[in-house]
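Trainee: Below are the chains, spelled out letter by letter.
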Amino acid sequence: MSNAMKKEMATPQTAKNILAIENLDKSFGSVKILKDINVAIEPGDFLVLVGPSGCGKSTLLNCIAGLESSTNGDIRIGGRSMTGVSPKDRDIAMVFQSYALYPTMTVGKNITFGMKVRGVAEQEQQRKLDEVAKLLQIDHLLNRKPSQLSGGQRQRVAMGRALVRDPQLFLFDEPLSNLDAKLRVEMRTEIKRLHQTLGASIVYVTHDQIEAMTLATKIVVMKDGVIQQAGTPNEIYNQPANMFVADFMGSPSMNLIPASAEKQGDATKISITRPDMEDIVLDFDREIEGLKSGKKSVILGLRPENITDSTNQHITKGQIADCRVDVVEPAGSDTFVVTNLAGKQVTARLNADATIIAGETASFAFDLSKASVFEPETGARIA
Amino acid sequence: MTDHSMNDHQLDERANRNRLMKRIALRLGLYTLLILFALYYLMPLFVMVVTSLKSLDEIRTGSLLSLPREIDFSSWGKAWSGACTGIQCNGLQPYFWNSVLLSIPAVAISTLLGAINGYVLAQWRFKGSNILFALMLFGCFIPFQVVLLPMAITLGALKIAGTIPGLMLVHIVYGIGFTTLFFRNFYVTIPQELVKAAKVDGAGFFRIFFSIFLPVSPPIIVVTVIWQFTQIWNDFLFGVSFSQAGTQPITVALNNIVNATTGVKEYNVDMAAAIIAALPTLLVYVVAGKYFIRGLTAGSVKG
Amino acid sequence: MTDWLEKHVPKLVLAPSLIAIFVFVYGFIGWTAYVSFTKSRLLPKYDLVGPIQYEKLAASPRWEVALTNLAIFGILFILFATVIGLILAIMLDQKIRTEGPLRTIYLYPMALSFIVTGTAWKWILNPGLGIESVFRDMGFENFTFDWLVNPDLAIYTVVIAGVWQSSGFVMALFLAGLRSVDGEIIRAAMVDGISTPRIYMSIIIPSMAPIFLSSFIVLSHLAIKSFDLVIALTGGGPGYATDLPATYMYAMAFSRGDIGQAASSATVMMMIVTAIIVPYLYSELRPRHD
Amino acid sequence: MKNMLLVSSAFALGMAATTAQAEPQAEVLHWWTSGGEAAAVKVLMEEFEANGGTWTDMPVAGGGGDAAMTALRARVLSGNAPTAVQLKGPSIQEWYEEGALGSIQDVAEAENWDELLPEAIQYHLKCDGEYCAAPVNIHRIDWIWSNASILEDAGIEPPKTWDEFNAAAEKLQGMGILPLAHGGQAWQDATLFEAVVVGLGGPEFYRDALVDLDQDALTSETMVQVFDQMRTLRGYVDDNFSGRDWNLATAMVINGEAAFQIMGDWAKGEFIAAGKEPGEDFYCSSPSRGAYLYNVDSFAFFNVDGDDRQAGQQLLAKLTMGKNFQKVFNLNKGSIPARLDVSMDEFEFCGRQSNAELGDAIENGSLLPSYAHGMALRGAQAGAVTDVVTAHFNSDMSSEDAVAQLSQAVAASQ
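Residue numbers (the numbering used here), protein chains in the order written: chain A, 1 to 383; chain B, 1001 to 1303; chain C, 2001 to 2290; chain D, 3001 to 3414.
In isolation and in its complexed conformation, chain A is listed as follows (with noise of 0.2 Å):
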């Protein structure tokens, strides 16, 4: 019933929509890789799969690329059905993690090759060629070997032979994981410049949560073959739909504390058990699915941004607790304070200026206007 009224509702978007993946299903014999996935995309939107490795981001990419078959669903491209349709007739293009670029063609031909497979007239091979090296300023380039280039060059080869294809949809497989920490960043803006200017529509695999934050308008979160929650980056950091999201979105990750929550009237308190120090309690204004009175254990999802110096002059919703000291960090724009409640390691994000000394207390500020809460068996997010 419910499948057959997700199917209603998706039908009359495809025609909108460039991808649109339906109950998609994939097994290894009696593994199962993926399980009901259902995502759809429009054009211009940068779809980001993120997850942990081996949640099967790999293998969804791979089958909207038709290099591996699924069992069930299906996937649609362009509002056509993509089933047994083979890869070179999805009009996608692909760039690989480790750029599959063809060792023993140089740089010109790597990126003509699938014009050449196609047929397509030499003039307008040059042509293309042209344009797209000037583009990704790799025109000097053309005439080297793969194995002549550098790790940055390569990455820009790859997007070339991408480029060129000028498809209806681009597919990334964690293009940047094989660069280092600075060229990952510079590549990153690059390609975030490309789909600025060319307006593509993209499918991106990472496991790199930052590059997710920073290139999608929309993300998809996976793990074991399972979508956890997909929607806008803005949805995906401040209501994660459950723990997991949390927890893998954002760095330094969000604090998960135990704690329980009471209904006092209309008021709703939350309170963490601290075994040296008094309790916290504070004040949340918004509902608790499935607290209608009385006392629950809960999980409280708290982004160190939220938890800051109690002297900070911003603050104006915090509510003020004291708490031991135990790591200080400072990061030059942030100090990042560990501290330690109801048994877990918790981390505040505070002004680079804040005076704090490791091993005394101090009092932080906690803003619950963006906090989460969790169901602590469930995980699943309660409000």
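I should point out that these hints are in silico values taken from the structure, not numbers from a laboratory. These numbers come from a predicted model, not from an experiment. One thing to keep in mind: the hints can contain errors.
Stated by the list, open to error - The calculated DSSO-like cross-link candidates involving lysine-lysine, where the alpha carbons are at most 27 Å apart (straight line), are:
id, chain 1, residue 1, chain 2, residue 2
1, B, K1127, A, K128
2, A, K145, B, K1127
3, A, K32, C, K2011
4, A, K128, A, K192
5, C, K2007, B, K1199
6, C, K2007, B, K1127
7, A, K223, A, K370
8, C, K2011, A, K88
9, A, K35, C, K2007
We have chain A; now place chains B, C and D onto it with these hints.
Mentor: Here is chains B, C and D on its own, set in the frame of chain A:
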């Protein structure tokens, strides 16, 4: 104090000199050992060459390991074009061409098949492909004497008994295991993404093989060709069993010269013939030996 | 149709080779196993008579010698070819100026068949003609090297010639392995002040485990197949002191006209091969996590 | 696909080959590949071609015909048997029993072979009463070759019994001369053995022991003595004999390094090639006391298709028994003609002696097939005997043990 430092300095120098001496001694030992080994490896060849240059009288009377008193090349000419391999006394020459005719296509076909099998088994795996690979590999280890008789029956049934194509088929079949192993182990080191990229680019199975995989394969092709050529050129057992008059390979002719049973033995001709028969493989090793090691380095030794 | 074709191209491409292997390897093994239960003499016959060929085999002192020889020869041949191959590879890896020629010298025996080198080896090892007589002529009156003619030691001369032929190939494998060892590990160890022999013993050699395995397989298949080596060097003699299963099988099938007996010995040989190869194939091909 | 291509092209080739010719055709599998041998067979080829035939030579040397037998088996199994094959002794019957041989009785009757050949030898050539093979020669196996100058220096006559041989050998050893040149290969050990058996036991014992494999004979006291004599002979051989080719042993006698060699008459060729004169520079004598161990080479004719090839068989059979070929071949080969009416005038001393003693042996009924050269026993049985003989000769096994093993091995091989 100064005395001390002087001593230290001298000690240092002595230590340095000692170290240097030790290094030189080590190096010397190393080269000596290497040369001793080289002598061990060269000894049979030396005996063969020396004997081939002696006259029959000298062989009968002198020591087999001594240098020839007079160098006599006549046995080489005789081995090539005059020694009796039966009623005909045309030397190895006609058989040499049989072997060439046999081994070049057989090496080429078995290498190509190995390449494409290896390509499938490394890059286009399917369910059960590993088991199939294992089954193919097992074929490398079958002792050839075991298959002689059933092979004879089969070749007869295929109507290619005694022909060069028949002999070629035998060599190809029993070469596939090794050639597939070489190529498969080489191709597994190539990232699978290459195939994916090419698929997305629109290339099919054969296009990917011919324009991407084959061009990266020279190192392993060298290894495979050397291996197969050596095997096929030197084969006697299949050659003697599955050839007939007119299709016999050079090893059979060499055997006829060397292993004559109840006639007068001409050892100088025997040895010259042996060296002539071995020349092509020797040449391959001398010329391509460098690439052989390089090819092995390039992946065939890795699991 | 074309889709189906496209999807199954890899299998179709593999098919001819597979069919060939199934017929020419497994079919023939099956044929041999079948014939081993018949009383075939000069030509194969197909009337089953039970395991009498195996009983005969078990009772034959010559077969017993052949099996013992295979064990002695196999172990020593594999051991020495590996050790010598490794030593040569390590020595050649010390930036030797004449590496090219030396390498070729060590490798060339692989290019020759024993039809070619058998006679030369026979002379070299023969006490009256070869090494022994040369040393005696040089004045070492008591120098003795008569293994070839001593029934208890003759099998060791087969080892010498076998090692001569194959150790170069093993050297090539190891040399290739040494060349692909990560130089950084070695530099790190050198910085740590570890001596060169120590680096080889505890870092480089262990890292070449897969090559040991490869060379073991190549050598064991050579050992089992060893045939022309024995025929050319000793002809199985003195007596039948250097018979190996392969020469036994050949003698039965082709000079004795006892194909049933030959088939039973071949079947036993195949079982030995299986016992060695299957564990290797299993370890080589089981799914690995990279 | 590829295999199909190979098959069809080969097929086409085969077709072309069979349809092109109509005259007599012969593909001959043999292992006479040395210079002298080749020259000898060449005579036959020339006669064959002079009679309009086409001779295709298929030589396979090695291991006393082992390699040729391997090739033959493969050829027969693949249904592609050669026209004529150098075969001998019981293996002719064995192949006949496998249904592989055809008959040449017509030729034999027309040429009157029954009159021309010794009866003992006819027996080998007939399959179920019809000729299926044609003989080319008679080799004598039990020859003692001796270096004339050594014997003269020592004052010894060429030995004619084993006792004489032992006495001579002792004397030579005393003088520091190696008595016996021998090559330690199984077939050479067996050659010694059969000469000892016939010399010590006589023709009857030889026939019982090595032709009929009679257990009483095999386990008799005489057989123990035979092995004792083998042990004695072992004492006359140098230390390096193992694996030595027969011709190197012959060279030792030629060069005066040893006094005697026991070997078939092909050894003569080596002496003559070294420029030695029979009866002057070297002697031939037999320890067999009137008996004669023979080895007859022959061509056996396999079942083949095609008129041209069958015609080839008829022609080849006829020419093989022809007087001229029998003479020329054997002059070259060192053996003597199989047919008895060939003039021996052109043969040298030892050949004439061989022929004379052959006549005597036929009369005495002491013409015996050589076991060591595959005339007396089938392969498996001969092999079983040889295994014991060579094991005994190359170890310190006692004669009694050897006899026990011999009887066991023979029983197991039947």
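Trainee: With reference to the structure, classify each hint as holding or not holding.
Mentor: Checked hints:
1. K1127(B) / K128(A): 40 Å, violated
2. K145(A) / K1127(B): Roughly 35 Å separates the two Cα atoms, so the pair is violated.
3. K32(A) / K2011(C): Judged against 27 Å, a Cα distance of about 25 Å means the pair holds.
4. K128(A) / K192(A): 21 Å, holds
5. K2007(C) / K1199(B): Given pair K2007(C), K1199(B) holds - Cα atoms ~12 Å apart, limit 27 Å.
6. K2007(C) / K1127(B): Satisfied, since the Cα-Cα distance of roughly 13 Å is no more than 27 Å.
7. K223(A) / K370(A): Cα-Cα ~24 Å, so holds.
8. K2011(C) / K88(A): It holds: about 21 Å lies between the C-alpha atoms, which stays within 27 Å.
9. K35(A) / K2007(C): Roughly 25 Å separates the two Cα atoms, so the pair holds.
Comparing the model with each earlier hint shows violations of hints 1, 2; every other hint is respected.
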